[in-house]
Amino acid sequence: MSLPVEHPRLVRAVGARTLGVLGYLGGMAILLAETLRWTTRGLFVPGVRFGRNAFMEQMVRVGVRSVGVVMLVQTFIGVILALQLAPTLKEYGQVDKVANIIGAGGFRILGPIITAVVLSGFAGASIAAELGTMVVSEEVEALEAIALNPIRYLVVPRVLATLIMMVLLSVVADLMIAVGGWLASRVALGPTTYMGYFQHMRDQLRYRDFFTGLVQAAVFGLLISGIACLEGLRVRGGAEGVGKATTMTVVYSIVAIVIAACVFTVIFYVFGF
Amino acid sequence: MPKEADNSEAARPIAAAQPVIRIAELVKRYQDRNVLEHVNLDVYPAETMVIMGGSGCGKSTLLRILIGAIAPDGGRVELFGDNIADLDEHQMDAVRKRFGILFQSGALFNSMTVGDNVALPLREHTNLDEDTIAIMVRIKLEQVGLRHAMDLMPAEISGGMKKRAALARAIALDPEILFYDEPSAGLDPVTSAEIDQLILNLSRKLGVTSVVVTHEMDSAFRIADRMAMLDKGVMLKVASRQEFADIRDSAPSGDLNHDLIRQFLRGEDQGPITARRLGSDYEEDIMEAAENF
Ligand SMILES: Nc1ncnc2c1ncn2[C@@H]1O[C@H](COP(=O)(O)OP(=O)(O)OP(=O)(O)O)[C@@H](O)[C@H]1O
Ligand SMILES: [Mg+2]
Chain G
0 MSLPVEHPRL VRAVGARTLG VLGYLGGMAI LLAETLRWTT RGLFVPGVRF GRNAFMEQMV
60 RVGVRSVGVV MLVQTFIGVI LALQLAPTLK EYGQVDKVAN IIGAGGFRIL GPIITAVVLS
120 GFAGASIAAE LGTMVVSEEV EALEAIALNP IRYLVVPRVL ATLIMMVLLS VVADLMIAVG
180 GWLASRVALG PTTYMGYFQH MRDQLRYRDF FTGLVQAAVF GLLISGIACL EGLRVRGGAE
240 GVGKATTMTV VYSIVAIVIA ACVFTVIFYV FGF
Chain B
0 MPKEADNSEA ARPIAAAQPV IRIAELVKRY QDRNVLEHVN LDVYPAETMV IMGGSGCGKS
60 TLLRILIGAI APDGGRVELF GDNIADLDEH QMDAVRKRFG ILFQSGALFN SMTVGDNVAL
120 PLREHTNLDE DTIAIMVRIK LEQVGLRHAM DLMPAEISGG MKKRAALARA IALDPEILFY
180 DEPSAGLDPV TSAEIDQLIL NLSRKLGVTS VVVTHEMDSA FRIADRMAML DKGVMLKVAS
240 RQEFADIRDS APSGDLNHDL IRQFLRGEDQ GPITARRLGS DYEEDIMEAA ENF
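Chains as they are written, first to last, in numbering that gives the first Met the number 0: chain G, 0 to 272; chain B, 0 to 292.
Here chain G stands alone, though its shape is the one from the complex:
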């Protein structure tokens, strides 16, 4: 065992009350490393269960419940972008380029990042509240006592489900932003803009615009679920602790998402992706 902290003390370790930023990142690293270990063991070691049912349950909980909100929000983002960009573009006589900008902006960053913000409220907060409540009612301890590792049994399905759903929802989000932009053009910007709208977007977009967005989406999913699980499992002190964990999950998630997006953007910019 190469990790500094091992089961079953792990949950207590991440629960240590006084965690500085480094301690927090360390806890997060351990949590995600353990998650990776149990995922690979579950997939490749015979006899170690992966827990497909729990995984499917979490996919439904994270994805299906938030798809409506994601679609709604992203459509409006498309509308907003089109109408905000149009006047400036008009000054240069290039209103038809609305489609190009919405395509690039939506697929590369706005689709994933706004979906991530929605999910940090939807999935992150509810995962933290759920795990926190389980800690408070001794359920996590009971799990360990019946030889079920909380990382394998609770964290793995939630992290994987959030990661996968984040990617899938981002695809939906990209499309809805495009549709929103088209709707606004159709209603307000005139035939020169909306007639060639999707053609312009297709000409503009390259595969890498799409894939860099999805890579970020996956990382956002990892951050949201990792923070939610960490906050949930380190809850101490009753219902109050659960409330605090829920709030902090949303706050930390959004900060982490924006920082990660910035780091990615710099990398993509420097390497010309």
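For the record, the hints were derived by calculation from the structure and aren't laboratory data.
There could be a bad hint or two in this list.
Chain B regions said to be covered by chain G (calculated; three or more residues, Cβ under 8 Å) [to be verified]: (1) 91–97; (2) 101–109; (3) 117–125.
Residues from chain B that face chain G, not an exhaustive set, calculated with beta carbons under 10 Å [unchecked claim]: (4) G67; (5) A68; (6) A165; (7) R168; (8) A169.
Source: prediction; values computed, not measured.
Quick reminder that beta carbons are idealized off the backbone N, C-alpha and C, glycines included.
Knowing the structure of chain G, use the given hints to seat chain B with the ligands on it.
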């Protein structure tokens, strides 16, 4: 061998038998406070050991260390002959499948029905098919008198039923040791007696070794083969039920430990426990508060 109804004699550990649980010089600290101080205790196969002690004396902490949920700061715990500190994750899980624990709060999984709670260990640790598991769940629930509650959620059943459901989950894998943390606390006398009966049945019919933490004296004397008295993290006395009964029925002797145990067993409001509480730095505390004022 099935035990007699009066099992206080049969329960005296046979010299040859190896203890299934061996606790040696166990120390646990929280911050700078010693919660357990050099605790020693051996529990032999098929006996029921009752651990008594006042609130906050470290009983739950002791159980948590026994099941490997928290690590001690000193000393050792052997289960089935293995020092649990030496076991890796995999070996510890193997040991965990051989014992069951009833938590003080029950700790049922609130998102699952009672039936699924009992089924979980079977689903996760055996290769039985769903039909067989359903039958096993029914049997376990029947054993604790809860067959009718199989499809209810934990939030829909009473405290006593929760305890019994949690017990059904604890015995799902037919454990060799059962730990109980205050199984009858907060229950009415009849329900509490029923739980005691369950504990006795499990120990007599299935030969389960039981470690029961309680401060309900009636219950303690009903189920114990041997008893242990924990006081402020110190193990005062480990002896047969009869010896404890003798102490309870004796007159104050002037020996502090004897009188302390006697007061606890009789549940009296006068004696060394109260005297200690009243005498403890009360004036100092007040003076200190006044100084800091
Ligand atoms: N995680 C913890 N951090 C700090 N102190 C703790 C912790 N857990 C327990 N304690 C302290 O350790 C002491 C023993 O606690 P424990 O729960 O073992 O008592 P107990 O004997 O089970 O009491 P009760 O009969 O009320 O259940 C208590 O004084 C408690 O405040
Ligand atoms: Mg307790």
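Here is what the structure says about each hint:
no.: 1; hint: 91–97; in the structure: holds (count 5)
no.: 2; hint: 101–109; in the structure: holds (count 7)
no.: 3; hint: 117–125; in the structure: holds (count 4)
no.: 4; hint: G67; in the structure: 6 Å, holds
no.: 5; hint: A68; in the structure: 5 Å, holds
no.: 6; hint: A165; in the structure: 8 Å, holds
no.: 7; hint: R168; in the structure: 7 Å, holds
no.: 8; hint: A169; in the structure: 8 Å, holds
The structure meets every hint from the earlier list without exception.
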